[in-house]
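> This is what each chain is made of:
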Amino acid sequence: MKAARFDYVRAVDAADAVRCLGAGGPQTKIIAGGQSLGPMLNLRLARPDKLVDIRRAADLAAVAATADAVVYGAGITHAAFEDRLVPDATPGWLAPIARGIAYRAVRNKGTIGGSVVHADPAADWPTVLLALGAEALTLGPAGPRAAPLADFLVGPFQVALAFDHLLTGLRLPKRGPHARWGYWKFCRKTGEFAKAAAAVLHDPDRGETRAVIGAVERTPILVPDAAELLADPRAAADIVARLAPERAPAAQRLHAEALERAARLALAPQEIAA
Amino acid sequence: MAEQDLKTTGGVGARVLRKEDDRLLRGRGQFVGDVRRADMLDVAFLRSPVAHGRIVAVGKPDHAADLVFTAADLAGVRPIRADSTLPGFRGSDQWPLATGKVRHVGEPIAACVAASRAEAEDLAEAVRLEIEELPAVVDMRRARDAAAPLIHEHWAENVFLESTAVGGEPLAPLKAAAAVSATLQVRTARQSMAPIEGRGTVAEWDERLGMLTFTTGQQMPHVMRSGLAGCLGLEEGQVRLISPDVGGGFGYKGILTQEDVTLGWLAMHLGRPVRWIEDRREQLTANANCREHHYDISGYASAEGDLLAIECAAIVDAGAYSAYPFSACLEGAQVGSILPGPYDFPGFKCDTFSACTNKPGILPYRGVARTGVCFALELTMDALARQIGMEPSQFRIRNLVRPEQMPFDNIVKKHFDSGDYPEAIRQAEAAIDLAGVRLRQARPEADGRRIGIGFAIYCEQAAHGTSVYSGWGIPFVPGFEQATARLTPDGGLEVRVGAHSHGQGMETSLAQVANEVLGVPVPKVRVIHGDTSMTPYSTGTWGSRCGVMVGGAVATACEALAERAVAIGAHLLQVPAEDAAVVDGCVRSGAASVSLADIAHAWYRRPQDLPGDVDPGGLEATQGYRMAPNDHGTFSYACHACVVAVDPGLGAVEILDYVIVEDGGTLLNPLIVDGQILGGLAQGVGTALYEEMRFDASGQPLASTLADYHLPGAAEVPDARIIHMMTPSPYSRFGQKGLGEGGAIAPPAAIANAVNDALHPLGVRITESPITPERVLDAIAAASSQTKEAAE
Amino acid sequence: MTTVTLTINGSVVTREVQPRTHLADFLREDMQLTSVHLGCEHGVCGACTVLVDGAPQRTCIDFAAAADGVSIRTIESFDDDPVMAALRRAFSVHHGLQCGYCTPGVLATAYDIVTRLPGADPARIREELAGNLCRCTGYAGMVAAIHEVAANPPSRPADAVRAEPLAFAGVKRASPAAPAAVAARAAPEADSAPYAAPTLPADAAEIALSEILDLPADKAWAVLRDVETVAACLPGATLQAFDAGAGVARGVFAVAIGPMRASFEGAAKVSFDDGERTGRIGGGGEDKSSRTRADGQLDFALNAVDGGRSQLDIALRYNVRGGLAQFSRGAVVAEAAKLLIGEFSGNLAKAAAGEAVDASATAGGIGFALKALSARIRRAFGL
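Residue numbers (the numbering used here), protein chains in the order written: chain A, 1 to 274; chain B, 1 to 792; chain C, 1 to 383.
For reference, chain A alone in the conformation it holds in the complex (with noise of 0.2 Å):
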């Protein structure tokens, strides 16, 4: 199980990414902590010409933050959220949520933006950042851009990124002491990709509810009316029914247990984590 032939390059910031990818052409594809990337490339499910690898790109493991909103670098690490080495725009979420990706020596290497860039739907991040309202930030021949991650999150494992263009971060913006949060995922085991995962989002400061769907085999649904679910939690079933209708049985039911339980904590008296 050895991948297939491929040229590397490294490049030094993202700007140098950006020329690389422009250079390598289509079938050029960047590699950051490569945690998802090289498993598929040792299967060779995944065959580029060439990897260009950004992991030395300072500039994309810096954090950023501004009065609203935390600025994270698409090459900072799952395990630098959950040893909160980085700041957080949450009242604490963020930590625990790192925590329960994968394991230990995947969170070490694993990125935020690659996981948001992979897509896996199954994956944490782009189901919690989708529910915390992340932009995407990219970064291309004619300059950075940013749009709301909804938009940027477009298919299984597929996003709205031409090749010769990089994820440079995810702006988060702050939540407050009053926002309610909560995350719920269902794994078969430990570490493993989750069956059914959901979060719920509560901002009264800020006037925003929201709900995610994740771990649908699909991009993450986001829930028209959030508002519905927090009312009554229950209602968390026939929103799944609605909105995820190709699930079989068994899985509607995971999802909708999953969704209601994050509405359920979202509700709850949150421990605000130090």
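Keep in mind that the hints were calculated from the coordinates and are not lab data.
Each residue gets a CB set at the ideal place from its N, CA and C atoms; glycine is no exception.
Check each hint, because a few of them may be wrong.
[What the hints assert, rightly or not] Straight-line distance between alpha carbons at most 27 Å, and here's what the computed DSS-like set of lysine-lysine pairs gives:
#1 K288/C to K101/B
#2 K60/B to K288/C
#3 K349/B to K413/B
#4 K288/C to K338/C
#5 K349/B to K175/B
#6 K269/C to K338/C
[To be verified] Computed from the model, here is a short list of chain B residues facing chain C with C-beta under 10 Å:
#7 G27
#8 R28
#9 P195
#10 I242
#11 G247
#12 H502
#13 G618
#14 E620
[As the list claims (entries may be wrong)] Covered stretches of chain C, as calculated for chain B (at least 3 residues, CB under 8 Å):
#15 89-96
#16 134-143
#17 219-230
Since the structure of chain A is provided, determine the placement of chains B and C on it from the hints.
This is chains B and C only, laid out in the frame that chain A set:
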């Protein structure tokens, strides 16, 4: 753990720390993948992408036609045959590289050789392959359909073997007299043994010796040497098989594979060492398949709770080929003979057939056939108990063979050696706190989950002897197990055995046996195993036999050595031999003693000091052992009891408590015994809840990675409590009983019974493993719609 | 080849490596550090775990070329380390190993647990061990051993506390590797036998959808009942030849799901029923590199809704066999197929209305995905 419990030496029963650990903990183990040879080439196989088809063409790439080999190239090589003499058995030709047809996904078609594995895989991709696809037989229950395509065209139907086991009284009157009956359709998933290390082989041809050496992880080196020599047309003396450190076997590494035979031919043909290291994808999709059973089973009992009869029709999905050496009949034919379990009841019949399907051949996996059988029988026992209104554990106690009946010939003439089966249940009831759990169940749980308790009991025939295996008529039959004991000139002891240790700690436990007889400290005993050139013949490591058979052989060889040492020692001490004996590494007579080292020194370096009538065999003895007075084997047994919490919203099962009451007779090393039981339990938990090799209707395997095939991790395996009973076997050397497989037998049944106990109020009965969330949720939904229908 | 300089067990090493060589193979084959075991080569089993810059990492899914500047410790190197000595002794005492194959990876993780999480309780230890599979021990001995050492971890020698990465070695551009030798393959021989569309198995996946066209049925049908139009509307399809007499089209169908891509070469029988206004494409093809065969049957039917509008119903049944089929996530493929059919249907609607259609981009691939995006999103991302 108290320091005094830690020992580096000791005899039978001592908790001696393992000799193997040091090299493994320092990363210095040597596994087949670690073997390096100059000029070694790597091999990758082009494998069938489809389950059933006719090979139309295999086109070698022009740039490397001399590095790609197909069946047509392997001149003189014979197919692997594993036939049984049981009447009606149909044999299969398993060619090292597919010839004419492919019969399962992953079947090797061409061997591609290159300087690295990556390049060999490139080559395999470049081969042009044309296959005319044929309809595949995927569901064992449809294998005999008139419309089913024949997998082996010259067969009358897709069946390897059909067999019937019958015992006791005619069934009809018993069934008529029964107050209750239960009929279940039980199904166990196809699984993969999934040792963390895959298979692998380095083959090299030595022109000077005219010898082909295989270094390969192997549980049964000598049997496999016979198989390899036969397929390659060599004399057995021309083949040497070395099994180095092996990263887990569980039955998977007791098989002769197409890859091994091909590697042997390549090494001879190319004149260079060749290496193939199986990757996980090959292991899951092409090779390591096991366990898939289907049962239609009925149990009959009286209103008072007496089990009257068991009637069963079972199918084993044996895959496409009969695997060497155990054959495609072993699993199926054992089902009927094991199904009566540890119970004493009057009527029994089981019809079984082994279906041939377009899947990899089914291979023996820890607890061969027993895990499925225990699942079917113990679920039936719970179903009967529920109908009668008895505690399932009490229903079992009422019907188990009783201690005063031992030794006992059961309904199919299995000869149970010793033990108190009902006591195992009673101890498990107490340890798991059956009464407390029943009280807890009376109140709803705060988290909405449902609590259930489940029991399962089995007895495990191990160390089967000639009388058991001669009847199968498969390529090997175990006879006398041999060991060689040799004192070295410096007084160390070498013990040579033809079986192989790959995690079982035999380098330690066999040294303890030698220590028990000769008193040589364990660190000075070197156990040499796994090399056909250095060890006496053995059928190898399978069937939980080594503790009994190899342990017995080592003791016997050491006793023979002791006798010779006593003769020399007595002469050196100038006392009559009958007054002297080996004690603690010395020959003693009263207060006088001479060490084995001094005796060895005399034999090797100062033969002038030896008695005139000294045994010229010297300080090296090879002796054989078989169990006496009969060699039916030992029967260890265990009751597993567990408490689970089932979340009816998620279908998730959490094991809250797990108790194992085990009787393995005399324990050679309790540390190692517990490790075997707990390791078996983890595999049993996998069988019960996680592991499933699914196929689609075209015969495509749907698990090619460990993200598809779920092995239980540390968070999924419960902390179990083990209680030992230790009733010695009257037939083995120290009273020990084989138990290496047992831990994996009962967990699926115990866990399923607990889940069913928890979900009984919802009208749910699960009879399929693994018990996945989807299965639980679907069963709850089905039960709820049935209830609704009934109400309407 | 790419040049890397890294520290391995305290020694600085410079080597030329092939970009595709994973770090575990590099350590095992080039450095002879055979404690690094391969159990899955896809990042699940943990047997290849080593400490990289002091933190446990998988080496089977990382590449040696990317290891420039890091410091690696394998289990061979800890012989003077009191923490590892305590772990080794505890593993032996608690029988935390049997065959020993998973052991080096487990010890790397155990070392991380006892140093990063001193005092960890058994439940936490089990969670942290989840990424190291063991098939022998049932984990009980490992958990007990780690618990014992974590309760009272010995102090480590100062140099082991944090293995600092080497100073950043700068970027070295790889010289372009020689292109992989591509096997010269004979062109597939022309098939003289009449082409028959493959039969799909009973469990073939099914997808159906409908679209309303703002055209009367007869007008729309006149456009749609043309092979080249239909092919042009099918994303990723390239029509190479069409034998009108036999109704057989030959071509290539390129599809991608994220970084996974496949290119199915094959043929399809195309038929139209002008009376019923239905069409059927039944065919199949093979992706050579993964040896995956995909067969499918696409039915479409046009029915009048009212005088001015018609309804297009499309149903796809498909079956995949071979390397790309052998996974448990068929629902992802179904989702991708659904997106594909949605695009196809939209293209047909456009074609029927006389608009130009370009569906040549790989189905599911970047172009395909981007085309499916709204103008707003394309603008947002500068596409």
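> Now tell me, hint by hint, if it's right for this structure.
Evaluation of the provided hints:
no.	hint	result
1	K288/C to K101/B	holds (20 Å)
2	K60/B to K288/C	holds (14 Å)
3	K349/B to K413/B	holds (13 Å)
4	K288/C to K338/C	holds (24 Å)
5	K349/B to K175/B	holds (12 Å)
6	K269/C to K338/C	holds (22 Å)
7	G27	holds (3 Å)
8	R28	holds (7 Å)
9	P195	holds (5 Å)
10	I242	violated (17 Å)
11	G247	holds (3 Å)
12	H502	holds (5 Å)
13	G618	violated (35 Å)
14	E620	violated (30 Å)
15	89-96	holds (count 5)
16	134-143	holds (count 10)
17	219-230	violated (count 0)
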